[in-house]
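Number of protein chains: 2
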Amino acid sequence: YGRYTQDLGSFAKDEAARLRLQEGDTPRPRRPSELLEYTQGRCAPCRVCALQCQRFLISKVGEDWVFLILLGLVMALVSWAMDFAIATCLQAQKWMYGGLDTNVLLQYMAWVTYPTVLITFSAGFTQILAPQAVGSGIPEMKTILRGVVLKEYLTLKTFVAKVIGLTCALGSGMPLGKEGPFVHIASMCAALLSRFLSLFGGFYENEARNIEMLAAACAVGVGCCFAAPIGGVLFSIEVTSTFFAVRNYWRGFFAATFSAFIFRVLAVWNKDEETITALFKTRFRLDFPFDLQELPAFAVIGIASGFGGALFVYLNRKIVQFMRRQKTINRFLMKKRLLFPALVTLIISTLTFPPGFGQFMAGQLTQKDTLVTLFDNQTWAKQGISDEFEYLGILEAWHHPRSNVFITLVVFILMKFWMSALATTIPVPCGAFMPVFVIGAAFGRLVGESMAAWFPDGIHTDSNIYRIVPGGYAVVGAAALSGAVTHTVSTAVIVFELTGQISHILPVMIAVILANAVAQSLQPSLYDSIIRIKKLPYLPELGWGHHEKYNVRVEDIMVRDIHYVTLNCKYRDLQQVLHSTKMKNLPLVESAESMILLGSIERTQVGALLSSQLSPQRRLLTLRQKALSEDGHRLSDSSIRFQISTETSSGSPARPALRKPLKPALKRVPSSPPDSPPVGSADHSGIALKSLFCANAATEPTEVRGMDDPDFSIRACVRRMGRPLLALVRRPYTLPGPMAPPQILEWEEQQLDQLVDFSSAKIDPAPFQLVEHTSLHKTHTIFSLLGLDHAFVTSIGRLVGMVTLKELRKAIEGSLTGKGVKVRPPLASFRDSTASTTEADTTALHQLWDRHQHHHMPREAGPGGDDDDDTPK
Amino acid sequence: YGRYTQDLGSFAKDEAARLRLQEGDTPRPRRPSELLEYTQGRCAPCRVCALQCQRFLISKVGEDWVFLILLGLVMALVSWAMDFAIATCLQAQKWMYGGLDTNVLLQYMAWVTYPTVLITFSAGFTQILAPQAVGSGIPEMKTILRGVVLKEYLTLKTFVAKVIGLTCALGSGMPLGKEGPFVHIASMCAALLSRFLSLFGGFYENEARNIEMLAAACAVGVGCCFAAPIGGVLFSIEVTSTFFAVRNYWRGFFAATFSAFIFRVLAVWNKDEETITALFKTRFRLDFPFDLQELPAFAVIGIASGFGGALFVYLNRKIVQFMRRQKTINRFLMKKRLLFPALVTLIISTLTFPPGFGQFMAGQLTQKDTLVTLFDNQTWAKQGISDEFEYLGILEAWHHPRSNVFITLVVFILMKFWMSALATTIPVPCGAFMPVFVIGAAFGRLVGESMAAWFPDGIHTDSNIYRIVPGGYAVVGAAALSGAVTHTVSTAVIVFELTGQISHILPVMIAVILANAVAQSLQPSLYDSIIRIKKLPYLPELGWGHHEKYNVRVEDIMVRDIHYVTLNCKYRDLQQVLHSTKMKNLPLVESAESMILLGSIERTQVGALLSSQLSPQRRLLTLRQKALSEDGHRLSDSSIRFQISTETSSGSPARPALRKPLKPALKRVPSSPPDSPPVGSADHSGIALKSLFCANAATEPTEVRGMDDPDFSIRACVRRMGRPLLALVRRPYTLPGPMAPPQILEWEEQQLDQLVDFSSAKIDPAPFQLVEHTSLHKTHTIFSLLGLDHAFVTSIGRLVGMVTLKELRKAIEGSLTGKGVKVRPPLASFRDSTASTTEADTTALHQLWDRHQHHHMPREAGPGGDDDDDTPK
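First to last, the protein sequences are chains A and B.
Just so we're aligned, residue 326 is where the first sequence starts under the numbering used here, counting upward by one.
Just so we're aligned, residue 326 is where the second sequence starts under the numbering used here, counting upward by one.
Careful: at least some of the hints might be erroneous.
With a cut-off of at most 25 Å between alpha-carbon atoms, the simulated BS3-like pairs for lysine-lysine come out as follows [what the hints assert, rightly or not]:
1) B:K606 to A:K606
2) B:K1087 to A:K1103
3) B:K859 to B:K652
4) B:K859 to B:K907
5) A:K1103 to B:K1103
6) B:K859 to B:K660
7) A:K643 to A:K860
8) A:K1087 to A:K860
9) B:K1103 to A:K1087
10) A:K860 to A:K606
11) B:K661 to B:K859
12) B:K1087 to B:K860
A few chain A positions that, by computed beta-carbon distances, are all more than 12 Å from chain B [unchecked claim]:
13) C378
14) F409
15) T438
16) Q452
17) E477
18) A603
19) G683
20) V736
21) V814
22) D1114
Going by beta-carbon spacing under 8 Å, a handful of chain B positions derived as facing chain A [to be verified]:
23) C374
24) Q377
25) E563
26) A570
27) F615
28) L617
29) F821
30) I827
31) I830
32) M834
33) I838
34) L1110
35) I1121
These are computed hints drawn from the structure, not numbers from a lab.
Every residue, glycine too, gets a C-beta built ideally from N, C-alpha and C.
Make the full structure from the sequences, and use the hints.
Here it is, written out as structure tokens:
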């Protein structure tokens, strides 16, 4: 149907043009099926039918909900299969450990070797297949959802590496989590699915839609990891977005619910569960979940968790920075990349070895078992009651004959804290949410047990005895610490969905909010911390309640001394601008006097303009034309033939700064004698068209060269052209010989003095503009809303400055810390804003106005002046 | 301290100016306290101390969290007090009804009169005090949060009217809700609190901040109404926002949690509850909440609720439209405004009269009791078991000796459905959430009871018998129907928080999502429906998965034929533009040839320019000047004195289209003889300055006149000026006499031919610009993100069109229904977007370029041309 589609395309264009012309009347355009019938006569009906069926299917496949269901289904399967594999791995370790109970040394070997091998394999596999799969992935998703394209982060290779690497890493029993990586996995799954479905319809190509789908995928990732659809949606919003479109909300809910449902149904079908319930179901009493007088204890948990969370983020960052800074360690580790993971695993697993130090910290429990025991319904420490509490089943791990449960808990918390902070720096796919969650639960349990020991019969003394439920404290602690580390409130919702009980809602909310308040004032979130370490392009959040952001204005932070391109500039000016600035986008103004902003042009486009002006092709063409004018039409049009690689025709309007270097689109084949016909010589009629097309595409290779080389200098380009390389190749043709270097230089100087022809350059016709007195707060909002990385500051059409992400970042960090960028003094709010800015505007306008009013009589004396000039004084 | 602040102000201005000049160095500006010490010597220290204390307090009061705590506290108190008053009202009715059980007629009179009086009072009170308090308030809040200023919706009067009106309306026992009004009440509370706190510091003036606080207030409203902090935040986001700033999230959570906490603590202190628990606590079993095989039943509830919700919205709208359309009814009701509420109340309370028809629909239960019974743990209908179920306590209302519970439930649902739809149209403060919630619960209960009757021993047949829990179905039904009516998913979270159990999370989520899917495809949400009825300025949402929105472009929907103002136009042109268009904002272009967009100017500003040019003052001034040049300096500068009302100096840069008319800022006092000194004559030195200032403000009154009068025409202005009114007043001065009308006309014609001086007009220097090929989807996003109501379409600086909210609305509704505006055919996606648009841009650029290149040699022949021109063909 190749030709058919082409027909349709041109038909559509005509239709669109016609419609645009006749905007008044409303006849429906002829449907393409009618067109088909009209042109193809009798055999058409069945084709029409088939086509309509196909179109129906495509239109259905294009629906969002099909995509979301598929995404949810796939992710639920992945999550369930991974859980199954992880459980098997852990089972195997336990089995080995249990089977070798005759010899402690053998036991130790088995206990230590198994995770070391798994982690090393995971690190090596990830390193080889896709290093992008390392780490949590949430920081990268946050950056991608801001509109930045990160190469290779959403590919099949990364998907495979992340899934297998994560399974191995978690199967090792290290304190690592699956939640962050799952956000990344779900996003990759969405991207792949989107690419797969685009085979059926062109709808999946849209960039805005892809971003929306990625946002939904993040929700699915959390949702199917914890079987927590609501918490998943909220957590993914908090963690990845700055501004959230409420119309995307249902997408996340729909997909996450479906995914969580399938995830739990798989467990039922596998006979793990009798019916669909929560993942870590608790059974606290409903009548009297907690006493009002226990609230201070919950608040203490919240505040302590806030400090703990900040400490965790700090520790994690310091470990990474220490590893980087120590050059000897670093050099050694760079050589033996797998040594660091193996070493860390060795240390951690040695310390958790159950017959060794592990007996003081419940070392034999897996992460899941630990959580189950911590959320347990019973009170472990009972005082004053004769019958000693019996630790049954897996609870036994917390019991040590020669110490009590408080010591075990304290040791567990302290050890796990640094272990988790260390383990999450291993270069394998891993998250930190779950380890932190467990530590928080243990801390909550500790407080709860202490409270239970303090008030054995509960606090409430009216009528009934309501004992204290330490499990409830564990739930509160888990939510608070994980909320503090990630700077989210939605961990509260996640614990409700994980435990299946919402009766502790108020304590949980209070603790989470307090923990957030403390942690946010001390440290960035774990993900922001990683973003800073990895130096991803980000925009810091505005902090809580800093007033200065309302008083700092764009005019205080903008760069005033900007380089620009004028419409009537010469190539020499372009060259100079490229030399003098590193800006990625150059403003295009009407003229240096008026400074009216017309648009913005990319640096690479300017480079392309310059190099095409100075290109050897043009030089040769000039020479050839000279020769032509002398020799008449000695050269026929068939003397040069173009071979076109079809790739260029599929060039999509992607972000040029990040697209792959195009393969050289244009290859000049030497003028072939008639006895050796090239492959494409049959369609001679198309040559004129193709050569025309190629000529348009001719600037591409140079443009790309300029892109890859950030220090692209024209001198280098000139030097490269100085070599008579191409000219030598050209010698076989009947063309005049190459110029001598002095001639070339002269020609170039002459070329540089010509006026620039912007018609072949791509110009952004409506770059984003701000006004001088826009507040920092509003600027931040607009930048994060629209995902900008620069904006021009204009005043009535005139360009006066520019703000980039860099300035904004500096200003925000400056206004928060009081250092760095100069912020307006607090008194600035006293300044009468309207008066001063209106004045400035008026002045600017006046300049413009005066420029147009040279023939007008002087303003002071004329009747057109303001009253103030004429009022007698 | 009046003078002191002035000093500070000017000091700050100087400092700011100095800082702006010396951007390089960083000496800290002298603190104002130092300045104080320097200037005031010895008695300063204590003053400094006091000042610092005061400043510390102010800075603390300025913090967000203080505001949020106060807001939460106040709203919790309001909510609790209102609940208490409502409960008392309902108790009183019950007591009256119970006390008169000897005579049915008297009982009936009491049952009917009581609510009628209350509703009538509520309607009358609201009508008199603040008609804005009528209805739910959520549609208005949605509009306000979009950036539109609705007058009088956030005042103290409205607050009082809404609180008292709502208490009376709910106390009557009608099927009305308190949730929607509470969103409004909380917002008003926030606005008032903000205004109150601004007495302590200037920080509360910021508009962006106020919007953020209003968003938090909406969350508080829902949160303290249901004691549901999380659901409150989510519901308020879904209902009021299109784009949500995640940084506002914590504000909502913080305030709503605090509010819900206080709300429940008040109940504990009042001994209503033993501890903090959910509002409608359920006690379903936790082990096996529901069977996997019950899910189809839940799905059925969801789908049916979707249809039901759409029907409810439709019914509600039809009732309103019917009341409006029926002219006889309408005229009658307009005269007797209180008759309609009284009539509706009479009908509804007659039907619910317990000894009458009410016995078939549990008429004696209040809304709260109904919910408690519907969420009950037991199964009402048991078959095949000998012992009949005993209806104890309030459950008895559902039991009718001569019918069974199914009939009662069906009757209840049917009757309440239309009653609720009708009752919510009464002009009192009322919401529809709670009535719908109750109907949904009853429907769910009906399905649950049917399931329980169908499977008496549960579906699960493996080992244990798990009976079906009809109360769980009621919870699902309540969430689904209220979700369908409001188009929200967060009702799911609200029911979890209301019932204190989350075990039914998956059924609830599935039902809510299905209900939303059905309802959203049939009808707008209740709030959007009200927005349409009330014709508030809104932007419809983009529907689910309509692909066309990606293919329709701005160039398809924009208005091409726009009127503009050029920089070098004459007053006559302004006059013509004002005559020919109704646009509120006129683009200002450089010239008609270049069409370079410089800014936008408001219609009213243009009017002000024109009328100031033609103002009698100017005419007189001209005359006076003529006289002056003849008579020399006969008039001294003291002959005219200005009296300044201080209001003008506090003019903030508010939205000019909506600010209140300024009081005439300038009053000319007749030239006073020296024996009657005016009040302000002491400071003679300031007159020159003040008169200068006044002259600047002189255009204000006319400007305001133009604003209030939308059909402001220059002719009318001219006619008004034709009257020699002012000139008559002027006659006492030593000025030449008034012009004769022909003279005036001549003078005006002459004035109209002058070039416009824009220096006194306010120009928006950076109006929002779009590009021709921006998609409808992106345009919608940008409009709702930034709260725009118009945008100019430019192409490399040139103005080519304009899009307003109207066009956008038409296009969206057109693309959804296929009617109305002409949408691009589906084939448009085949069109090669890059090629065509780049071409258009290039053409536009060429025009500009050519304009500047007249001296340049023709492009086709020159060496600066593209390769395609020179390639031999």
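Hint check:
A distance of roughly 19 Å separates the Cα atoms of K606 (chain B) and K606 (chain A); the hinted pair therefore holds under the 25 Å criterion. Taken as a hint, the K1087 (chain B) and K1103 (chain A) pair is honoured in the structure, with Cα atoms around 21 Å apart against an allowance of 25 Å. For the hint linking K859 (chain B) to K652 (chain B), the alpha-carbon distance of about 18 Å falls within 25 Å, and the restraint holds. Between the alpha carbons of K859 (chain B) and K907 (chain B) the distance comes to roughly 22 Å, so the proposed pair stays at or under 25 Å and holds.
Between K1103 (chain A) and K1103 (chain B) the alpha-carbon distance is near 20 Å, which keeps this suggested pair within the 25 Å criterion. For the suggested pair K859 (chain B) and K660 (chain B), the alpha carbons sit about 21 Å apart, so the restraint of at most 25 Å is met. For the suggested pair K643 (chain A) and K860 (chain A), the alpha carbons sit about 16 Å apart, so the restraint of at most 25 Å is met. Between K1087 (chain A) and K860 (chain A) the CA atoms are separated by roughly 30 Å; this puts the pair beyond 25 Å, and the hint is violated.
Proximity of K1103 (chain B) to K1087 (chain A) is assessed by CA-CA distance (about 21 Å); at most 25 Å being required, the pair is judged to hold. Distance hint between K860 (chain A) and K606 (chain A) is unfulfilled; the C-alpha atoms sit about 40 Å from each other, more than 25 Å. Straight-line distance between C-alpha atoms of K661 (chain B) and K859 (chain B) comes to about 21 Å, which keeps the hinted pair within the 25 Å bound. At most 25 Å may separate the alpha-carbon atoms for a hinted pair to count; K1087 (chain B) and K860 (chain B) exceed this at roughly 30 Å.
Annotated as non-interface, C378 (chain A) keeps its C-beta farther than 12 Å from every C-beta of chain B; the closest such distance is 16 Å. With a least beta-carbon separation of about 20 Å from chain B, F409 (chain A) lies farther than 12 Å from that chain, consistent with its non-interface assignment. Here T438 (chain A) stays apart from chain B, with its beta-carbon at least about 41 Å from theirs, past the 12 Å limit. Taking the minimum C-beta to C-beta distance to chain B, about 34 Å, the non-interface status of Q452 (chain A) holds against the 12 Å cut.
Look at E477 (chain A): its CB is around 25 Å from the nearest CB on chain B, clear of 12 Å, so calling it non-interface holds up. Not every Cβ of chain B is farther than 12 Å from the Cβ of A603 (chain A); the closest lies at roughly 8 Å, contradicting the non-interface assignment. A cut-off of 12 Å between C-beta atoms confirms that G683 (chain A) is not in contact with chain B; the least separation is 33 Å. The Cβ of V736 (chain A) lies farther than 12 Å from every Cβ of chain B, with a closest approach of about 33 Å, so its non-interface assignment holds.
Listed as outside the interface, V814 (chain A) is inconsistent with that label: its C-beta sits roughly 5 Å from the nearest C-beta of chain B, within the 12 Å cut-off. Residue placement check: D1114 (chain A) keeps its beta carbon more than 12 Å from all beta carbons of chain B (closest about 17 Å). Nearest Cβ of chain A to the Cβ of C374 (chain B): about 19 Å, over the 8 Å cut. The hint is violated. Contact between Q377 (chain B) and chain A, as hinted, is not supported at the beta carbon level, the nearest pair being about 13 Å apart and thus beyond 8 Å.
Of the supplied interface hints, the one on E563 (chain B) holds, with its beta-carbon coming within about 6 Å of a beta-carbon of chain A, less than 8 Å. With its C-beta approaching chain A no nearer than about 6 Å, A570 (chain B) sits inside the 8 Å limit, and its interface hint holds. The interface hint given for F615 (chain B) is met, as the beta carbon of that residue sits about 7 Å from the closest beta carbon of chain A, less than 8 Å. With its C-beta approaching chain A no nearer than about 6 Å, L617 (chain B) sits inside the 8 Å limit, and its interface hint holds.
Interface restraint check: F821 (chain B) against chain A, minimum CB-CB distance 5 Å, threshold 8 Å, status holds. The interface hint given for I827 (chain B) is met, as the beta carbon of that residue sits about 4 Å from the closest beta carbon of chain A, less than 8 Å. Interface restraint check for I830 (chain B): the shortest CB-CB distance to chain A comes to about 6 Å, inside 8 Å, so the restraint holds. Interface restraint check: M834 (chain B) against chain A, minimum CB-CB distance 4 Å, threshold 8 Å, status holds.
Taking 8 Å as the C-beta cut-off, the interface hint given for I838 (chain B) holds, the closest approach to chain A being about 6 Å. Using the Cβ-Cβ criterion of 8 Å, the hint placing L1110 (chain B) at the interface with chain A is satisfied: the shortest such distance is roughly 5 Å. With a cut of 8 Å, the hint placing I1121 (chain B) at the interface with chain A holds, because the nearest CB-to-CB distance is about 4 Å.
Going through the hint list in order, the structure does not satisfy hints 8, 10, 12, 18, 21, 23 and 24.
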